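Engineer: We have chain A; now place chain B onto it with these hints.
Here is what each chain is made of, one letter per residue.
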Amino acid sequence: MSKVALSSPRLTGVRPKHMSPELVSLLARLIVVLILSLAISLVNENFHSLSNLTNVLRQASLLFLVASGATLVIVAGAIDLSIGANVTLSACVAAGVMHSTGSAALGIATALAIGTAVGLINGALVAWLKLPSFLVTYGSLWILSGLALNYMGGVPITGFPKEFRYLGSGFLFGVPVPILIMFGVVGVASFLMHLTTFGQQIFMMGANRETAALSGVPVQRNLLLVFALSGVCSGLAAIVALGRVNSADPGMGDPFLLPAIAAILVGGASLSGGTGTVLGTVLGALLLTIVLNAMNLLTISSAWQPFATGAVLVAAMLADTAMNRRRR
Amino acid sequence: MSRKRTSTKATRGNTKMKISTASIVLTALLGSTAVAQSAEIAVFTKNKVDPFFEEARVGADVAAKSLGYQTVQYAPTRPNNFQEQIAQVEDAITRKPAGMVFVPVDIKGLKPSVDKVRAGGIPIVNFIDAGDGNFNSYVVYNDHRLGAEVTKILAEKLGGKGTVVIIEGVKGSATSDNRTAGALETLKAYPDMKVLAIQAANYQRLQALQVMENLIQQFPEIDGIIAASDNMALGALEAMESAGRDAPQVVGMDGTVDGVNAVSDGRMLASVEFSGFQMGCTAVEFIDRIAKGEKVPDRVELTAAMITKDNASEFGQPLEKRVCKSMKALGL
Chain A
1 MSKVALSSPR LTGVRPKHMS PELVSLLARL IVVLILSLAI SLVNENFHSL
51 SNLTNVLRQA SLLFLVASGA TLVIVAGAID LSIGANVTLS ACVAAGVMHS
101 TGSAALGIAT ALAIGTAVGL INGALVAWLK LPSFLVTYGS LWILSGLALN
151 YMGGVPITGF PKEFRYLGSG FLFGVPVPIL IMFGVVGVAS FLMHLTTFGQ
201 QIFMMGANRE TAALSGVPVQ RNLLLVFALS GVCSGLAAIV ALGRVNSADP
251 GMGDPFLLPA IAAILVGGAS LSGGTGTVLG TVLGALLLTI VLNAMNLLTI
301 SSAWQPFATG AVLVAAMLAD TAMNRRRR
Chain B
1 MSRKRTSTKA TRGNTKMKIS TASIVLTALL GSTAVAQSAE IAVFTKNKVD
51 PFFEEARVGA DVAAKSLGYQ TVQYAPTRPN NFQEQIAQVE DAITRKPAGM
101 VFVPVDIKGL KPSVDKVRAG GIPIVNFIDA GDGNFNSYVV YNDHRLGAEV
151 TKILAEKLGG KGTVVIIEGV KGSATSDNRT AGALETLKAY PDMKVLAIQA
201 ANYQRLQALQ VMENLIQQFP EIDGIIAASD NMALGALEAM ESAGRDAPQV
251 VGMDGTVDGV NAVSDGRMLA SVEFSGFQMG CTAVEFIDRI AKGEKVPDRV
301 ELTAAMITKD NASEFGQPLE KRVCKSMKAL GL
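Chains as they are written, first to last, in this note's numbering: chain A, 1 to 328; chain B, 1 to 332.
Rather than coming from a laboratory, the hints here were simulated on the basis of the structure.
Careful, some of the hints might be misleading.
[Unchecked claim] Examples of chain B residues lying across from chain A (beta carbon under 8 Å, computed):
#1 A200
#2 S242
#3 E314
Bear in mind the structure is a predicted one, so any value in this text is a computation, not a measurement.
We treat Cβ as the ideally placed atom computed from N, Cα and C, and that holds for glycine.
Just chain A, same shape as in the assembly (with noise of 0.2 Å):
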């Protein structure tokens, strides 16, 4: 979109020269945060508390961990299904290891490392046999959830090392950890995405990956990357979701998948490849985040929820829409 978009000369008379269409499209989503802000503001008076406010950046920093990796393989015109039950396999072995050794380093070190494993294995089968990311993934989900519930015989692991817990609900500086651990992936991602050349190529990947590969990029080595990037983030959230219930259960990660690839969506990436920043997916984590939130401050019945949650989805991408029309 953006390469199209750049060439395009019923665009590029009306925007300022500074402003990049990803620029225009991350200043909307915020926008659309902001007026449900404001709205839910103003029905209740305890949502903008800083204490709720943090409360909120918190829930969203998990969310935005389980879809991080991913909003690049999306970038680059893939997708993985298998996040949210990479962070249930991530969690479930390194509670298990954590539980037999007392080490919060091997727990680190273990969810890093499936994480990371998983998503070199997912990465290998497309990039090299070439198989469709959509099914691969789709069956690594079905493979790592059996492996979980074998793993853990139907009964929860409690109970982790206090530095470990430090990771999910710990504080630095009044800050709870796993917030500033979202900043830390942001940096890092959207450095690699905006920065670099690898970044470049996954952009050039999804907009047109037999192009690029014309173009000499080294599509098969950069899919690899973006899964194990993608495994890498499960294995972090799956630390950090530890840390803040202090239980493994094999079923923990699973509830993440849909509302991690709404984020991304939400978040400005298309499904069909070449758009998307990872702050944009950070933006979609909070709107969705906020929504939940405001739903249990306001005690709207639960029965009302889903409702919500598909009517504001559906909202923020009409508003998105009118405002980039507006724009153009």
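Structural biologist: Just chain B, lined up with the frame of chain A:
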């Protein structure tokens, strides 16, 4: 592919195993004196991903073995898949088992399948979730009563006054809705108790944690938490503890190992047993009775045991250590 099935005895192994299975069936046929009967009981569960159903399968299996049967387990490979369960019922009918113990993935939708089973002269006992249909009998718990009784323990502990929140499971599921309704029913008798919020966490511990984190922002004082599952009760409790809030009184339901441990540690006030294991045992025992031409009750609601600190040591055993309670012990 979609009709894959697993069995306790080899049914899709090599010829040798098939012959040995056949001979076991044959022995059973020759050995039974009064009625010629199959030695197989088909056990249907909703999926293979929820540990609860594993508990039910083990219960059915333990009872079947002790009564001289073997079980064949059926569960959709895609969790709770309607079409797949229908196909599996038809598969099972052709094997002419001694009976079926069955939990429908769709309470209304499996009714025609149940009719087919009965038309084939096969007894079928419904367990876990009460479905519509011409079942020989039902073995269930009363979720409404589960919610009501555990809430009573909480209300008494709080001296009949204070604020509570209710954490629901999946909104719209019979289990969750009935448990919540039961809790609300009990609270009616305590006019000084106030329900601050009823919010869903879909039986997930992490979701319950986040829902509770949000509720903490809205309500400075929460005296009690009623959760429709132990798993969610523990998630909600974690949120309160992390936030450094005064420990509220928490009650859960199901009697999971984790929940029972929390009760015996004094972190949770109480839970209530919802034993898939026992439902599996009793349902199989009913099949045995029907197969022998004996009468069984039309419907049985197992009495749910309250789990408090006093008796927690009797609950939460690992699956391999559990034993079926006899019909006599259950008062049937």
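Engineer: Run every hint past the structure and note whether it holds.
Structural biologist: Tested hints:
1. A200: Holds, because the Cβ-Cβ distance from B:A200 to chain A comes to roughly 3 Å (cut-off 8 Å).
2. S242: Result: holds, 5 Å to nearest chain A Cβ.
3. E314: Nearest chain A Cβ about 18 Å off; hint violated.
Consistency note: the structure conflicts with earlier hint 3 alone.
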